[in-house]
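Trainee: Chains as they are written, first to last, in my numbering: chain H, 1 to 231; chain D, 1001 to 1325.
Derived by calculation from the structure, the hints in this document are not laboratory data. Please note that a few of the clues may not be correct.
[As the list claims (entries may be wrong)] Calculated cross-link-like contacts (lysine-lysine; reagent style DSS-like; alpha-carbon spacing at most 30 Å):
{"hint": "1", "chain 1": "D", "residue 1": "Lys1295", "chain 2": "D", "residue 2": "Lys1137"}
{"hint": "2", "chain 1": "H", "residue 1": "Lys81", "chain 2": "D", "residue 2": "Lys1195"}
{"hint": "3", "chain 1": "D", "residue 1": "Lys1275", "chain 2": "H", "residue 2": "Lys81"}
{"hint": "4", "chain 1": "D", "residue 1": "Lys1096", "chain 2": "H", "residue 2": "Lys118"}
{"hint": "5", "chain 1": "H", "residue 1": "Lys118", "chain 2": "D", "residue 2": "Lys1274"}
{"hint": "6", "chain 1": "H", "residue 1": "Lys108", "chain 2": "D", "residue 2": "Lys1275"}
{"hint": "7", "chain 1": "H", "residue 1": "Lys81", "chain 2": "D", "residue 2": "Lys1274"}
{"hint": "8", "chain 1": "D", "residue 1": "Lys1275", "chain 2": "H", "residue 2": "Lys67"}
{"hint": "9", "chain 1": "H", "residue 1": "Lys118", "chain 2": "D", "residue 2": "Lys1275"}
{"hint": "10", "chain 1": "H", "residue 1": "Lys108", "chain 2": "D", "residue 2": "Lys1274"}
{"hint": "11", "chain 1": "H", "residue 1": "Lys108", "chain 2": "H", "residue 2": "Lys67"}
{"hint": "12", "chain 1": "D", "residue 1": "Lys1096", "chain 2": "H", "residue 2": "Lys65"}
{"hint": "13", "chain 1": "H", "residue 1": "Lys67", "chain 2": "H", "residue 2": "Lys81"}
{"hint": "14", "chain 1": "H", "residue 1": "Lys67", "chain 2": "D", "residue 2": "Lys1314"}
{"hint": "15", "chain 1": "D", "residue 1": "Lys1275", "chain 2": "D", "residue 2": "Lys1096"}
{"hint": "16", "chain 1": "H", "residue 1": "Lys65", "chain 2": "D", "residue 2": "Lys1195"}
Keep in mind it's a predicted model, so treat the numbers as computed, not measured.
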Amino acid sequence: MMAQRFAAITLFMAVNLLVSAQPTSGSGGFGTSIVALSTEACDDTGVREWVELAGTSGLLCGRPKHKSIQLITVYAPGCDKGHLILRELEAPDASTLLLFSAPAPLMKNILRATIYLKGYHENLTLFEHVGGIWRRRTPQQVCVAVTGGRKASQEPLLAFSVEGLGLFSLRDQDKAVPTATTVGLPTTSASSLLSGSPSRGLLPLGFSIVLLAGSWMLSRWIHWTEQNADK
Amino acid sequence: MIIKAGRFEKTQTEKTICNDMQRIPSPRIKGNGYLLVYLLLIILIMGIQNVKAVEFDSPFCKSPGVAFHPRAFVPQSDDCSPKREQVVEDLRLLRKSGFRSLVTYSASNILGSVPEIAREVGFDGSIIMGVWDPLSKQEWDKAITQAPFVNGYCLGNEGLGVRYSQIELASKMKELRRLTGRPVTTSEPIDSYLKGIHHDWLLINSDWLFPNAHPFLADQPDPDRAVDWVVARYDYLAATTGRRVVIKETGFPSSGSEICNEENQLLFFEALVKKGIAFFYFEAFDQPWKRDVLKQPAVEAHWGLYRADGTPKKVILWFADRWLE
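One chain only, chain H, in its complex shape (with noise of 0.2 Å):
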């Protein structure tokens, strides 16, 4: 009996780490909370914001409530509402971290997004972290029309185009290109998992299979031998 339920609880638990095992989708995922455990859980500094998206026809807007960004836009086709999460980190070399994680099915969609910021000179510019590689984005000024209040009145904002949603580098042009040493890429922390961002479970596909094919071949086993007792 005793076996038959250790047999019953191990197929139980190689079952829920293959489940594990499969990425994340949006926030909160089953697989996340067994992450935390194994990962860097208390890695974790900076500010963090969640923004809603909204609009029509694939192109998303969102307004953080954070001090230099004014707007958000993100287009993705296929996807009228969404939410991203926005954390903003201090690198080693003092320029600002932006990283922007959303669900799973809003950033395999992503053709475009566009970042505006409010109150920042033009001579920022704005380093994305795509495939390892640091890619510099110059701004654009646009001037907009602020609108409520008594006098018509006009805000230059810097609008940056990237290809989607990720870890920026935002500094002064004539500071150097990023590197890992001098950013110190932000490892992947438990509470950026649960902002949304997709991640593996603690182990592989396959080595949960190979788990899982052992437990039951462990429990037939026990099966044979118990049966070759009674008799």
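With chain H's structure known, arrange chain D on it following the hints.
Mentor: Coordinates of chain D only, in the frame set by chain H:
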């Protein structure tokens, strides 16, 4: 077991137990059953993780459009109106390259029949008829007769506060909507939709936003930077207003300045198409009269995707490759 007549026989209790056991599934079957349930659960969970199919929802992705002036159009000349055959030839050339949508600029003379001719030639996408002078009776009457062939109207072009006032234009737009049942808009430089004295008026009176976006004229000579310039404005306008935005004119001249060449023109459109915004290619043919008659800067004569003699530039070879059925 008992011994009866020299043979081993089961007692009544043993027989009962054996019968009962035959009705109970063996542990082996039960174990395999659990395993099957687990495997089905795994397959079910994996199957739920599907991605919604993505469809590019801009109509201009399926029916690319071009801003059209006939080649033989020369304003301020005695014979400024092209012949019908010339218009047909121009439109056939464009249709053959893969264009299916059109925006025009005027409804005077033969230009007032372009939408109908375009439909005959095979333009089955969106046709937006332009009326250059909203206060011209000749253009007005022609525009109304073309209602069956057009999807919408663009009254005026970069003339607000210069050739017509806000009140005059608003009145004409309202009347044209009522008479034709078609959506009506106008067209101004894109920055006028973001700020300035006409900003609110444009957003209120336009059925859709139809701005012109010319980064080269805004001192953005690099093709990639030029595209960023367009996208930054387009995204802000579309996202903050929630309105449908289609860029009526955007392009890159192929000559007339050191940085202008066919290669950069191609790079501009290649990069712009990747961004997924809705726009009309500016413009169909080079218009030398802008430089020669109107005395505008040299670049103004070279926005075309085709040269004035009808020969294609590099961008047309790329375009045709992309869009031809």
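Trainee: Hint numbers the structure violates, sorted upward?
Mentor: 4, 12 and 14
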